[in-house]
Amino acid sequence: MVRLGRLKNGSVDVEVPIIELTDIRKSFGPVEVLKGVNLKIYPGKVSALVGDNGAGKSTLIKGLAGVQPYDSGEVLIDGTHTDLTSPKVATANGIEVVYQDLSLCENLDIVQNMFLGREELRHGTIDGGRMEREASATLQSLSVKTVKSVRQKVSSLSGGQRQTVAIARSALKKARVVILDEPTAALGVAQTAQVLDLVRRLADQGVGVLIISHNLVDVFQVCDYVNVLYLGTMVASVPVAETSNSDVIGYITGAKTYQGVSQ
Amino acid sequence: MSAGPAAQPIGSGHEGSVREQLSAYLSRVRGGEMGALPAIGGFIVLSALFTALSPFFLTRLNIANLLTQSATLMMLSIALVFVILISEIDLSAGVTGGVGMAIFILLTNFAKVPWIPALLAALVFGLLVGAFIGFFVAKVGVPSFVVTLGLFLGFQGLQLVLLGSGGVFRVETPELIAIMNNNLPVWGGWVMLAVMIVISIATGFYDRYRRTASGVPNRPILLMWGKVAALAVGFGILVALLNQNRSVSVLPIQGVPIVVPIALVILWIGTQILDRTRFGLHLYAVGGSPEAARRAGINVAGIRIAAFMICSALGIVSGVLSASRVGAVEASSGRAIVLSAVAAAVVGGVSLFGGRGRLVHAAVGALVISVIDNGLGLLRLPAGISLLVTGGVLVLAATVDAVSRHRSGGNLTRT
Ligand SMILES: Nc1ncnc2c1ncn2[C@@H]1O[C@H](COP(=O)(O)OP(=O)(O)OP(=O)(O)O)[C@@H](O)[C@H]1O
Ligand SMILES: [Mg+2]
Numbered sequence: 478m479v480r481l482g483r484l485k486n487g488s489v490d491v492e493v494p495i496i497e498l499t500d501i502r503k504s505f506g507p508v509e510v511l512k513g514v515n516l517k518i519y520p521g522k523v524s525a526l527v528g529d530n531g532a533g534k535s536t537l538i539k540g541l542a543g544v545q546p547y548d549s550g551e552v553l554i555d556g557t558h559t560d561l562t563s564p565k566v567a568t569a570n571g572i573e574v575v576y577q578d579l580s581l582c583e584n585l586d587i588v589q590n591m592f593l594g595r596e597e598l599r600h601g602t603i604d605g606g607r608m609e610r611e612a613s614a615t616l617q618s619l620s621v622k623t624v625k626s627v628r629q630k631v632s633s634l635s636g637g638q639r640q641t642v643a644i645a646r647s648a649l650k651k652a653r654v655v656i657l658d659e660p661t662a663a664l665g666v667a668q669t670a671q672v673l674d675l676v677r678r679l680a681d682q683g684v685g686v687l688i689i690s691h692n693l694v695d696v697f698q699v700c701d702y703v704n705v706l707y708l709g710t711m712v713a714s715v716p717v718a719e720t721s722n723s724d725v726i727g728y729i730t731g732a733k734t735y736q737g738v739s740q
Numbered sequence: 002m003s004a005g006p007a008a009q010p011i012g013s014g015h016e017g018s019v020r021e022q023l024s025a026y027l028s029r030v031r032g033g034e035m036g037a038l039p040a041i042g043g044f045i046v047l048s049a050l051f052t053a054l055s056p057f058f059l060t061r062l063n064i065a066n067l068l069t070q071s072a073t074l075m076m077l078s079i080a081l082v083f084v085i086l087i088s089e090i091d092l093s094a095g096v097t098g099g100v101g102m103a104i105f106i107l108l109t110n111f112a113k114v115p116w117i118p119a120l121l122a123a124l125v126f127g128l129l130v131g132a133f134i135g136f137f138v139a140k141v142g143v144p145s146f147v148v149t150l151g152l153f154l155g156f157q158g159l160q161l162v163l164l165g166s167g168g169v170f171r172v173e174t175p176e177l178i179a180i181m182n183n184n185l186p187v188w189g190g191w192v193m194l195a196v197m198i199v200i201s202i203a204t205g206f207y208d209r210y211r212r213t214a215s216g217v218p219n220r221p222i223l224l225m226w227g228k229v230a231a232l233a234v235g236f237g238i239l240v241a242l243l244n245q246n247r248s249v250s251v252l253p254i255q256g257v258p259i260v261v262p263i264a265l266v267i268l269w270i271g272t273q274i275l276d277r278t279r280f281g282l283h284l285y286a287v288g289g290s291p292e293a294a295r296r297a298g299i300n301v302a303g304i305r306i307a308a309f310m311i312c313s314a315l316g317i318v319s320g321v322l323s324a325s326r327v328g329a330v331e332a333s334s335g336r337a338i339v340l341s342a343v344a345a346a347v348v349g350g351v352s353l354f355g356g357r358g359r360l361v362h363a364a365v366g367a368l369v370i371s372v373i374d375n376g377l378g379l380l381r382l383p384a385g386i387s388l389l390v391t392g393g394v395l396v397l398a399a400t401v402d403a404v405s406r407h408r409s410g411g412n413l414t415r416t
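Just so you know, the sequences run in chain order A and B. Count the first sequence with this note's numbering and you get residues 478 to 740, in order. Count the second sequence with this note's numbering and you get residues 2 to 416, in order.
If you're looking for bench data, these hints aren't it; they were derived computationally from the structure. Keep in mind it's a predicted model, so treat the numbers as computed, not measured. Here a beta-carbon is modelled for each residue, glycine too, at the ideal position from N, C-alpha and C. Worth double-checking, as some hints may not be accurate.
[Stated by the list, open to error] Estimated spans, in silico, between C-beta atoms of each pair: (1) R336(B) x Q545(A): 56 to 62 Å; (2) S28(B) x A569(A): 52 to 58 Å; (3) Y207(B) x Q545(A): 29 to 35 Å; (4) R209(B) x L598(A): 14 to 20 Å; (5) D674(A) x G227(B): 38 to 44 Å; (6) L598(A) x G151(B): 35 to 41 Å; (7) L129(B) x K565(A): 41 to 47 Å; (8) P144(B) x L598(A): 32 to 38 Å; (9) A569(A) x V143(B): 32 to 38 Å; (10) T730(A) x V143(B): 34 to 40 Å; (11) L598(A) x V187(B): 40 to 46 Å.
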């Protein structure tokens, strides 16, 4: 059931998704939070996941991150069936999640944060020089210009710079899929633009990006696809070029339905 | 990197001339990263003050006294840094040392066990205590304040059980007594100094070599030589002073007290662990944000347990130093010192909020607290005054900590 659609740049989507979720279900006790959700994430594309509070967005990505496995449904990664049973499995499959908060240690510097948990060692001790070089190469490949020194403490960075470091961290890990939970929620206009730019460049490197956002302006600015969750059901999955702001608001609130989605 | 003309190289803080490096350092200090500077300043001011007030303060005998007086406190505050870094506390570290020494004395004096296995038994006891605390804090989730307060009380009882109330037992191990009461030969002091200088030059060049091999810039080499020179001059003066006879009687007393190289070795190893190993970095990470550390795949509980184990083991070492100095083990050993040790760490610039501080900060802080004690003692002021002043200094230091935390942009939310 691959939908062919026109993307922002006019090319036709014929790509195979990196991740394909089919009929995902998740309940907490008697409450069914995900009621048979389908979702595709494509390499080199930014997909948005939108929906009202409580729609199940966080629950859906927690399953992808392996922190809260799904009850049932199929996860295909590169067309292969995979059970995302733990964060380790998710990481091993190249899935990285950038959480909105609490993902950096303020008392450590940028290099230490980017490599946290997977430091490069040499003779059993931390190879600071090598990590420093790789960290700045990664930041440069993402055209990050706002950071003066990679040895700056994170406590001295702005919110946008912190989000930048968190995203660059996933790029450094050679992630194939990066999931961002409301990356711009706490940011001002200029910093939001910076982070969205970064998201775009990350996708341009071939990474499949899934971005959760409540801000439709952001979504229409940076995303290729938009997926709308409504009360645990995926009510629309469309290329942004084929839809409009008011349509998406309609799907989010349940006022409109999208006939092109098969349930 | 050829990421287009717009991509400017991102610095690493190692670039620039000596002057630029120094001004960058000064601006970091102004930004709130003061480290041990306030404590060093306090140490100098207090020393000058006591020198002016008491002719005995700056004598060789008193300097040697000050070193041995502060050694126990220094060791305990170094121990506490490992748990304060992860924003925990160990109020029982002092009495753990006390119980450890009670075990040692019972083994050596009564069971006639040789001193080395007895000492190892005490250290193992310390590790077990640390693992116990760590388990309750990291796995069960009881606040460390409560667990260690409980042990603080319980171990005082255990000391009474082991040694009987009012029991004072002489240390009958000459090797143990020697640590605080005997000195290195004169040449030994100079060898110690030479080893320190060689190690600091060697590690300096090794670090530069590694950075060069990785293709990242080094700071101007002059800065490294400056640090080596400061170390050589500082410890050179100290060794020279201690190598002269400081006796007030006929029997000459000279040489660096044996405790000095022992403490320096522990300080050096601890610092290498914190600065260069993955474990050390993860300790800072857990102190900065346990949640971020967990998400990065760090075994947070394991790090916490290890920190408590190191703290308790070094608490035993502190107990050894205390027993060596006093020459005896009592039921009340290690009771009073722990709060001073917390104070020393904080005064030295270790943040109570966790994640910031170095072992050497605790050592400097312990010197400050000891100078206050020693100097006021020389002025024959009542002991109460010393406690009052120490308390005041602690509150001042904690205030500096909180304020500088604000200034360096850290928010106050805790997780
Ligand atoms: N651990 C849990 N136990 C019980 N119910 C849960 C649990 N986690 C989520 N829920 C419920 O599942 C529903 C979906 O929650 P979820 O956090 O996925 O929503 P969301 O789309 O991320 O919302 P928001 O936009 O507010 O972040 C909510 O009704 C929530 O109360
Ligand atoms: Mg959510």
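Which numbered conditions among the earlier hints are violated in the structure presented, ordered from lowest to highest? Violated hints (numbers, rising): 1, 2, 3, 7 and 10; every other hint is consistent with the structure.
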